[in-house]
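**Q** Using the hints provided, position chain E relative to the given structure of chain Y.
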Amino acid sequence: MKQRIVIDPITRLEGHGKIDIILDETGNVDHAYFQVPELRGFEKFTEGRPAEDMPQITSRICGVCPTAHHMASSKALDALYHVDPPVAAKKIRELVNSAFFIEDHALHFFYLGGPDFVVGPTAPKAARNILGVLDKVGIETGKQVIALRKELRELITAIAGKVIHPVFGLPGGISKPLNEDIIEQARTGADHAVEFGRFCLQVFNDVVLQNEDYVNLITSPAYTTNTFYMGLVDQDNKVNFYDGQIRVVDPEGQEYVKFPANEFPDRIAEHVEPWSFVKFCYLKDVGWNGFEEGRESGIYSVAPLARLNAADGMATPEAQSAYEQYFSVLGGKPVHFTLANHWARLIELLYAAERLQELANDPDIAGSNVHTIPDATPDEGIGIVEAPRGTLFHHYKTDERGVITRANLIVATQNNAARIAMSVDQAAKAMIKDGKVDDGILNLVEMAFRAYDPCHGCASHSMPGQTPLILRIYDPEHQLIDEIRREP
Amino acid sequence: MSKPKIGFYWCASCGGCEEAVVDLAEDILPVVEAVDIVFWPVALDFKRADVEAMPDNEMAVCFINGAIRTSEQEEMAQLLRAKSQLIVAFGSCSHMGGIPGLANQFVRTDILDRVYYDSQMVVNPDNIRPQEATAVNGDSLSLPSFDGAVRTLDQTVDVDYYLPGCSPPVALIVQAVTAILEGKLPDKGTVLAPDIALCDECSRKESKPDELSINKIRRPFEIEINQEDCLLAQGLPCLGAATRSGCGAACIEGNMPCTGCMGPTSRVSDFGAKALSGLASTITGEEEHDIARRLEQLVDPVGTFYRYSLPMSLLKGRAISDKGAKA
Numbered sequence: 001m002k003q004r005i006v007i008d009p010i011t012r013l014e015g016h017g018k019i020d021i022i023l024d025e026t027g028n029v030d031h032a033y034f035q036v037p038e039l040r041g042f043e044k045f046t047e048g049r050p051a052e053d054m055p056q057i058t059s060r061i062c063g064v065c066p067t068a069h070h071m072a073s074s075k076a077l078d079a080l081y082h083v084d085p086p087v088a089a090k091k092i093r094e095l096v097n098s099a100f101f102i103e104d105h106a107l108h109f110f111y112l113g114g115p116d117f118v119v120g121p122t123a124p125k126a127a128r129n130i131l132g133v134l135d136k137v138g139i140e141t142g143k144q145v146i147a148l149r150k151e152l153r154e155l156i157t158a159i160a161g162k163v164i165h166p167v168f169g170l171p172g173g174i175s176k177p178l179n180e181d182i183i184e185q186a187r188t189g190a191d192h193a194v195e196f197g198r199f200c201l202q203v204f205n206d207v208v209l210q211n212e213d214y215v216n217l218i219t220s221p222a223y224t225t226n227t228f229y230m231g232l233v234d235q236d237n238k239v240n241f242y243d244g245q246i247r248v249v250d251p252e253g254q255e256y257v258k259f260p261a262n263e264f265p266d267r268i269a270e271h272v273e274p275w276s277f278v279k280f281c282y283l284k285d286v287g288w289n290g291f292e293e294g295r296e297s298g299i300y301s302v303a304p305l306a307r308l309n310a311a312d313g314m315a316t317p318e319a320q321s322a323y324e325q326y327f328s329v330l331g332g333k334p335v336h337f338t339l340a341n342h343w344a345r346l347i348e349l350l351y352a353a354e355r356l357q358e359l360a361n362d363p364d365i366a367g368s369n370v371h372t373i374p375d376a377t378p379d380e381g382i383g384i385v386e387a388p389r390g391t392l393f394h395h396y397k398t399d400e401r402g403v404i405t406r407a408n409l410i411v412a413t414q415n416n417a418a419r420i421a422m423s424v425d426q427a428a429k430a431m432i433k434d435g436k437v438d439d440g441i442l443n444l445v446e447m448a449f450r451a452y453d454p455c456h457g458c459a460s461h462s463m464p465g466q467t468p469l470i471l472r473i474y475d476p477e478h479q480l481i482d483e484i485r486r487e488p
Numbered sequence: 001m002s003k004p005k006i007g008f009y010w011c012a013s014c015g016g017c018e019e020a021v022v023d024l025a026e027d028i029l030p031v032v033e034a035v036d037i038v039f040w041p042v043a044l045d046f047k048r049a050d051v052e053a054m055p056d057n058e059m060a061v062c063f064i065n066g067a068i069r070t071s072e073q074e075e076m077a078q079l080l081r082a083k084s085q086l087i088v089a090f091g092s093c094s095h096m097g098g099i100p101g102l103a104n105q106f107v108r109t110d111i112l113d114r115v116y117y118d119s120q121m122v123v124n125p126d127n128i129r130p131q132e133a134t135a136v137n138g139d140s141l142s143l144p145s146f147d148g149a150v151r152t153l154d155q156t157v158d159v160d161y162y163l164p165g166c167s168p169p170v171a172l173i174v175q176a177v178t179a180i181l182e183g184k185l186p187d188k189g190t191v192l193a194p195d196i197a198l199c200d201e202c203s204r205k206e207s208k209p210d211e212l213s214i215n216k217i218r219r220p221f222e223i224e225i226n227q228e229d230c231l232l233a234q235g236l237p238c239l240g241a242a243t244r245s246g247c248g249a250a251c252i253e254g255n256m257p258c259t260g261c262m263g264p265t266s267r268v269s270d271f272g273a274k275a276l277s278g279l280a281s282t283i284t285g286e287e288e289h290d291i292a293r294r295l296e297q298l299v300d301p302v303g304t305f306y307r308y309s310l311p312m313s314l315l316k317g318r319a320i321s322d323k324g325a326k327a
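Order-wise, the sequence lines are chains Y and E. Taking the working numbering, the leading residue of the first sequence gets 1, the next gets one more, and so forth. Taking the working numbering, the leading residue of the second sequence gets 1, the next gets one more, and so forth.
In isolation and in its complexed conformation, chain Y is listed as follows (with noise of 0.2 Å):
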């Protein structure tokens, strides 16, 4: 008789999920199923509203990425009043994003993700934390990376209003310049930022790469997936966050396409499953074709592993350095090791840390004009970004009020959906066998899914308000011999 494994809630990820695995007579892996299970509704209730108010009503998709949501729908908002924002709103939007990235990604490897390193994939549940994190390195280093992302959401905080939900964003720039105060905040911020970076890369190495077990981990199969690559790249291919085309590599590492933000509407397309409520992306011209990897499938990546193999190096020259060391050390490009995205991340935290240094130094973000009054009739406008967990796409239509018509919300984790329910399947079919399951063998398989840094609060923006039930009734061969179906 088959049996079944339930890990429900999964935890330290953003948002609800579970995982329903199913083994076989022989207590081997079936099947793993990652599931979605929440939806709230963002495309149609946004519908109505002035099209002002989508950054601050869109960052309530996340609020742990609500900035990247603002800047998405900010530059949408340009683009949707034919406005172009002063070259003072451009850089300091963009450092605000810098800023973000930064203690974003701090955030996953020492609260969300890290500890499966730090403190141990199968430590006892209750040490596999931030707390664990803290006992392992120590209260003063805690203290540091605690300080250092207060100090970074201070300063978010006094150029956006707020951190958590940022209000500054309009079409054509930002609602308040920056004082000299803030301009020194940001410059002090940096340079902490740069050796806090530094600082995040030694102790990867010290903890993860120094460690032959969590080395081959990484390398194993259990954790390989074969996809094509997505991220935003500058004039000479680099990775960059805040604008640039879309490039694509395919699973070999060969550029597949790249392309403006407006054509993404023509190159993704999103499939429905039955059994999640989130939408699986892929790549139009190669098609769905199931659950499968390699370049006949259209299932791509994004996220800190997509980013660096999409790219041709970092626009930074500690980061370069760090991206020309992650390919030696990992064989080459692609990188198809989803656990190595721990390690992305971190390239892209100092990568981030030096943008963002740069920016802070730059005498144009001193400019008292940061606002563009739009003059021209709204109709629609697409905006793209990169947020920490991927790219992120919104597309809105309006009247001629600047009245949302149709919203169209392409979020970061619903890039990755495909890709992350293959890892896990795949992670489940390897560590689990003979029916031997424990704590740590599931934290094992969850932690397929947590390398991608989820956002499932992001995934479930969108809400098909109460469900069609259709209830199918099988014979012990797996004939269909009923069904019930209630429409909503």
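Because the hints were derived from the structure by calculation, they are not lab data. Cβ atoms here follow ideal geometry from the backbone N, Cα and C, with glycine treated the same way. Misleading hints may appear alongside valid ones.
With a straight-line cut-off of 20 Å between C-alpha atoms, the simulated EDC-like cross-links for lysine to aspartate or glutamate are [to be verified]:
1. Y:Lys284 with E:Asp118
2. Y:Lys143 with E:Glu26
3. Y:Lys125 with E:Glu201
4. Y:Lys397 with E:Asp110
5. Y:Lys136 with E:Glu26
6. Y:Lys2 with E:Asp139
7. Y:Lys143 with E:Glu33
8. Y:Lys125 with E:Glu26
The following label-pair restraints were derived from C-beta to C-beta distances [to be verified]:
9. E:Ser266 with Y:Asp266: 50 to 56 Å
10. E:Ala34 with Y:Val6: 29 to 35 Å
11. Y:Asp135 with E:Leu185: 50 to 56 Å
12. E:Glu201 with Y:His82: 35 to 41 Å
13. E:Ala34 with Y:Leu209: 50 to 56 Å
14. Y:Asn179 with E:Ile196: 35 to 41 Å
15. E:Ile223 with Y:Glu358: 31 to 37 Å
16. Y:Lys143 with E:Leu295: 49 to 55 Å
**A** Chain E in isolation, oriented as in the chain Y frame:
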């Protein structure tokens, strides 16, 4: 003596309330010393089964954020209620329904069609929708059911206290936790924030005219917003007069109007009605049609006045008339 046990949980929410707890920063260390956190899915690996195994009233307090939309959220709220001596509704969504509560303007079928069929990028030739129960490769899989409308936490289970805000201000969280640990709690049902309007703590208070008169409602992108003067006096629909204080006027410090996330003071039952009447009374015009025209400049009254509170409002929204909705 063993430490008091506390829990945190999220329902239909964004995770911002968890971030607000993390934003206690070094202030969380003495809290962690004083209590045992026994459930907090964002940060700790305890599962639902661990909560089910607890005796009733095991937790001294559980903080629940997020609105209630699914059967799973309702079950968890009931489970945590049974296991906790105190329940605190944490943040705008559990307090008033929050921004997800705006979904109550729409019925389910519109939303279903919109998300799974009528969306520009969806390719769904077989018209598949997520199902409460489905079979894949002979394996039965389930998803929670959805209620007809978004509810507040206290429309679902008995709530002892409320921490308002989207997200709740860190200083208020510290005060609330301290009060609970010291057993110095106000009357049941209290909103744990100052019971005065935001205008009273606003740094621009002095520039607010005694007799406001607005002859044109402005949208924030239409003007260069002056950083010194009362935003309402600049024509922006700032809701500070109707909103409870305690946030430090954060949005106004960001040079943008208050949108009301802290909810009303104890003297107001319907936040949106209060905010609407407050703004409407400042609109000037010679003739009735002048006033009507000026009010038309406000393109989204529901989203402006009930942005965080539609489910707790007297209006409640269209969705509750939909079949299957819970009272």
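**Q** Give a verdict on every hint.
**A** Results of checking the hints against the structure:
1. Y:Lys284 with E:Asp118: Status holds; Cα separation ~17 Å.
2. Y:Lys143 with E:Glu26: 7 Å, holds
3. Y:Lys125 with E:Glu201: 45 Å, violated
4. Y:Lys397 with E:Asp110: Answer holds: Lys397 of chain Y to Asp110 of chain E is near 18 Å, not above 20 Å.
5. Y:Lys136 with E:Glu26: This hinted pair holds, its Cα atoms lying about 18 Å apart.
6. Y:Lys2 with E:Asp139: 9 Å, holds
7. Y:Lys143 with E:Glu33: 15 Å, holds
8. Y:Lys125 with E:Glu26: Cα-Cα ~24 Å, so violated.
9. E:Ser266 with Y:Asp266: 50 to 56 Å: 53 Å, holds
10. E:Ala34 with Y:Val6: 29 to 35 Å: Given a distance of about 34 Å, which is inside 29 to 35 Å, the answer is holds.
11. Y:Asp135 with E:Leu185: 50 to 56 Å: The hinted range 50 to 56 Å is violated for Asp135 of chain Y and Leu185 of chain E, with Cβ atoms some 32 Å apart.
12. E:Glu201 with Y:His82: 35 to 41 Å: 39 Å, holds
13. E:Ala34 with Y:Leu209: 50 to 56 Å: 37 Å, violated
14. Y:Asn179 with E:Ile196: 35 to 41 Å: 29 Å, violated
15. E:Ile223 with Y:Glu358: 31 to 37 Å: The hinted range 31 to 37 Å holds for Ile223 of chain E and Glu358 of chain Y, with Cβ atoms some 32 Å apart.
16. Y:Lys143 with E:Leu295: 49 to 55 Å: With a Cβ separation near 53 Å, Lys143 of chain Y and Leu295 of chain E satisfy 49 to 55 Å, so the hint holds.
Hint compliance for this structure: hints 3, 8, 11, 13, 14 are not met, and every other hint is.
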